[in-house]
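Listed in order, the protein sequences are those of chains A and B. Anchor point for the first sequence: position 320 equals 319 in numbering that gives the first Met the number 0, and the numbering is continuous, going up by one each time. Anchor point for the second sequence: position 63 equals 62 in numbering that gives the first Met the number 0, and the numbering is continuous, going up by one each time.
Okay, the calculated bits of chain A under chain B, using three or more residues with CB under 8 Å as the criterion:
id: 1; stretch: 146-152
id: 2; stretch: 166-172
id: 3; stretch: 203-215
Here are the in silico distance ranges between beta carbons for each label pair:
id: 4; chain 1: B; residue 1: 231; chain 2: A; residue 2: 358; range: 55 to 65 Å
id: 5; chain 1: B; residue 1: 187; chain 2: A; residue 2: 159; range: 36 to 46 Å
id: 6; chain 1: A; residue 1: 159; chain 2: B; residue 2: 31; range: 25 to 35 Å
id: 7; chain 1: B; residue 1: 303; chain 2: A; residue 2: 275; range: 48 to 58 Å
Hints in this document: simulated from the structure, not taken from any laboratory. C-beta atoms are modelled at their ideal positions from N, C-alpha and C, and glycine is treated no differently.
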Amino acid sequence: MAKGDPGVTTRGRRAAPRSKRAASAATGEPDLVQLLTPEGERIESAIGPDGTEYRVDFTDEEYRGLYRDLVLVRKLDAEATALQRQGELGLWASLLGQEAAQVGSGRALRTQDMAFPTYREHGVLYCRGIDPIMPLGLFRGVDQGGWDPNEFKFNMYTIVIGAQTLHATGYAMGVHMDGKTGTEDGEAVIAYFGDGATSQGDVNEAFVWASVFNAPLVFFCQNNQYAISEPLERQTRVPLYQRAGGFGFPGVRVDGNDVLASYAVTRHALDNARLGQGPSLIEAYTYRMGAHTTSDDPTRYRIASEVEAWQAKDPIARMKAFLTKQQIADESFFASVDEQARTESVHLRERVLNMPNPEPVTMFDHVYPHGSPELDEQRARFSKYMESFEGSAH
Amino acid sequence: MATETLTLGKALNTGLRRALENDPKVVIMGEDVGKLGGVFRITDGLQKDFGDQRVIDTPLAESGIIGTAVGLAIRGFRPVCEIQFDGFVYPAYDQIVSQVAKMHYRSQGKVTIPMVIRIPYGGGIGAVEHHSESPEAYFAHTAGLKVVTCANPQDAYSMIQQAIASDDPIVFLEPKRRYWEKGPVELDAPLDAAYPLHSARVARAGTDATVLAYGPMVRTALDAATAAAEDGRELEVIDLRTLSPLDLTAAYESVKRTGRCVVVHEAPGNLGLGSEIAARITEECFYSLESPVLRVTGFDTPYPASRVEEEYLPDLDRVLDAVDRTFGW
Chain A
0 MAKGDPGVTT
10 RGRRAAPRSK
20 RAASAATGEP
30 DLVQLLTPEG
40 ERIESAIGPD
50 GTEYRVDFTD
60 EEYRGLYRDL
70 VLVRKLDAEA
80 TALQRQGELG
90 LWASLLGQEA
100 AQVGSGRALR
110 TQDMAFPTYR
120 EHGVLYCRGI
130 DPIMPLGLFR
140 GVDQGGWDPN
150 EFKFNMYTIV
160 IGAQTLHATG
170 YAMGVHMDGK
180 TGTEDGEAVI
190 AYFGDGATSQ
200 GDVNEAFVWA
210 SVFNAPLVFF
220 CQNNQYAISE
230 PLERQTRVPL
240 YQRAGGFGFP
250 GVRVDGNDVL
260 ASYAVTRHAL
270 DNARLGQGPS
280 LIEAYTYRMG
290 AHTTSDDPTR
300 YRIASEVEAW
310 QAKDPIARMK
320 AFLTKQQIAD
330 ESFFASVDEQ
340 ARTESVHLRE
350 RVLNMPNPEP
360 VTMFDHVYPH
370 GSPELDEQRA
380 RFSKYMESFE
390 GSAH
Chain B
0 MATETLTLGK
10 ALNTGLRRAL
20 ENDPKVVIMG
30 EDVGKLGGVF
40 RITDGLQKDF
50 GDQRVIDTPL
60 AESGIIGTAV
70 GLAIRGFRPV
80 CEIQFDGFVY
90 PAYDQIVSQV
100 AKMHYRSQGK
110 VTIPMVIRIP
120 YGGGIGAVEH
130 HSESPEAYFA
140 HTAGLKVVTC
150 ANPQDAYSMI
160 QQAIASDDPI
170 VFLEPKRRYW
180 EKGPVELDAP
190 LDAAYPLHSA
200 RVARAGTDAT
210 VLAYGPMVRT
220 ALDAATAAAE
230 DGRELEVIDL
240 RTLSPLDLTA
250 AYESVKRTGR
260 CVVVHEAPGN
270 LGLGSEIAAR
280 ITEECFYSLE
290 SPVLRVTGFD
300 TPYPASRVEE
310 EYLPDLDRVL
320 DAVDRTFGW
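Starting from the given sequences, assemble the full structure and let the hints guide the process.
Dropping the structure here:
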């Protein structure tokens with residue numbers, strides 16, 4: 000058992016349920032579940048808005064593993080951002096600042112659980128065991144994401160905002176229809192989306208569907224405060240997690256920069272879903288430290304002091320402080336993680352630079368599972384045309 | 000071999016029943032498809048016999064119907080979605096063209112979306128606005144989708160089962176004004192015995208001009224051919240059956256014989272299927288044509304109030320008028 004993590008109730012100071020009156024979306028401090036303060040202090044347990052008590056019980060090795068995940072994911076993301084700046088990627092959607100929400104929820108998934116991501120879930124992708132080069136092919140333009148969603152239980156990135164929440168809901172309905180809920184080893188589904196997506200019709204339809212069909216689904220909203228340039232108050236006048244109540248399922252706001260709380264809240268919601276208790280909404284309250292994508296300039300729409308305030312809540316710094324204070328890790332450990340991150344990012348860079356362009360004729364592949372006569376004809380004509388160039392190797 | 004006389008609507012119902020019986024992963028979903036049996040009763044009695052997990056009454060939201068069906072398909076089901084009317088498909092348009100159509104491509108073949116989107120379409124039933132549209136060109140323009148339509152009870156029975164068995168996402172357009180027309184249906188014939196799903200059919204052989212039609216207009220074209228025969232002109236009528244991909248093999252062969260071609264559809268003419276068909280026939284049959292390929296279509300207006308829809312919709316006289324014009328060149 001970890002130092003500083005009693006894990007038993009004898010030392011447990013059960014926090015009194017907090018006020019149900021949540022802060023408005025626009026002002027005030029959010030009312031959220033937190034297990035690790037920005038200063039790196041462990042909170043033994045925290046109470047959600049419905050009285051649920053959240054706690055985690057990690058070994059020292061597991062704590063160090065979470066830290067390693069956070070650092071590696073941040074480094075790989077930084078490498079991808081650099082590659083875009085050097086013209087090697089067409090675009091990149093950085094997760095900087097959102098590592099804890101993604102690693103916490105990603106590590107809470109069990110092997111059998113299915114995830115439906117947006118285009119920013121590189122940290123969840125990493126936790127699912129997918130080679131981190133995979134999304135870079137999409138952003139480099141050599142493919143459209145190369146992993147097998149069924150093998151890794153992690154679907155394709157979805158760029159149309161919120162569309163994947165309906166896919167997740169349908170998949171979860173299928174899980175239920177297949178009789179894979181109601182037991183400890185049942186299956187659960189998680190749908191990722193952002194604060195901007197909550198304005199979409201599809202997301203609201205997904206809430207309705209999941210609720211009335213009691214789908215084993217966790218809606219995981221990373222509220223990073225901005226939809227490209229538009230602040231949260233342009234999307235909502237009530238805290239997002241409170242919307243769940245109107246749809247008939249529980250909602251909870253978690254400190255999205257706290258990997259332990261993100262893990263605890265997600266694991267609890269997933270377990271409820273797999274046991275047949277239906278959907279829930281998690282609002283991971285976090286901050287996107289970088290741009291929406293490499294195409295925008297956040298200095299146009301947000302002020303430096305706000306960014307600085309969030310820097311003080313950095314998910315990695317607080318985990319490092321906790322590990323240090325509790326003597327779970329020492330300088331040599333941190334140095335070894337940094338070295339591993341450096342090595343992996345260099346390796347990633349080399350592999351990205353060596354990604355070949357696809358053969359042009361492959362654009363005709365996989366339009367239909369069994370082809371189409373029209374397309375076969377177009378492909379044949381195109382191939383012949385390409386072959387007509389002098390010296391063509393095609 | 001069991002041959003029964005069924006309406007087109009009952010043939011669809013029987014075909015859906017067969018599909019539910021043959022494959023436990025087939026599920027039907029849509030608004031009012033359960034106890035009510037759909038507003039046109041196409042799913043009548045299916046929920047009673049197969050239960051509410053196979054025939055699912057959904058919340059009233061079209062994007063949700065299609066979007067959740069995508070998830071069910073990823074899970075391994077074969078969803079058959081009913082959109083209640085043509086004019087209500089647009090809230091689901093994003094899911095259909097951006098998600099359903101592209102999943103297989105984006106995943107490089109690793110994800111297959113074997114779903115059918117049933118849409119009662121077209122006019123002629125005296126309905127209010129948004130209930131009589133012909134949106135086929137929107138879907139036929141989208142790579143990754145296949146678009147088919149039936150024109151008689153036999154095809155309705157066979158094609159719905161073929162569509163459900165296909166791994167392609169298929170927009171299945173049902174000519175609602177023909178739901179009540181009866182015809183013979185061979186219930187036990189192998190599904191591909193007569194026609195594979197993506198193939199045209201010569202509905203009436205003729206020698207003087209070729210009329211191409213699909214869905215609700217096949218009946219109109221056949222009626223025109225009957226009338227033309229009384230005037231001594233033998234029209235060949237081809238039921239295209241499949242709008243994407245277009246099977247024009249029979250059309251090319253026919254036009255090369257007749258030298259004249261008229262394309263008929265209810266949808267507005269501007270950038271409609273007729274434009275594509277005319278272009279392809281011109282490319283393929285240029286030296287055989289005695290006159291330009293002519294189109295008989297709806298007008299480039301929103302679908303009008305039903306008291307004037309008989310004037311909006313191509314009818315026997317407009318088809319015959321076009322045939323006359325092809326002979327006037």
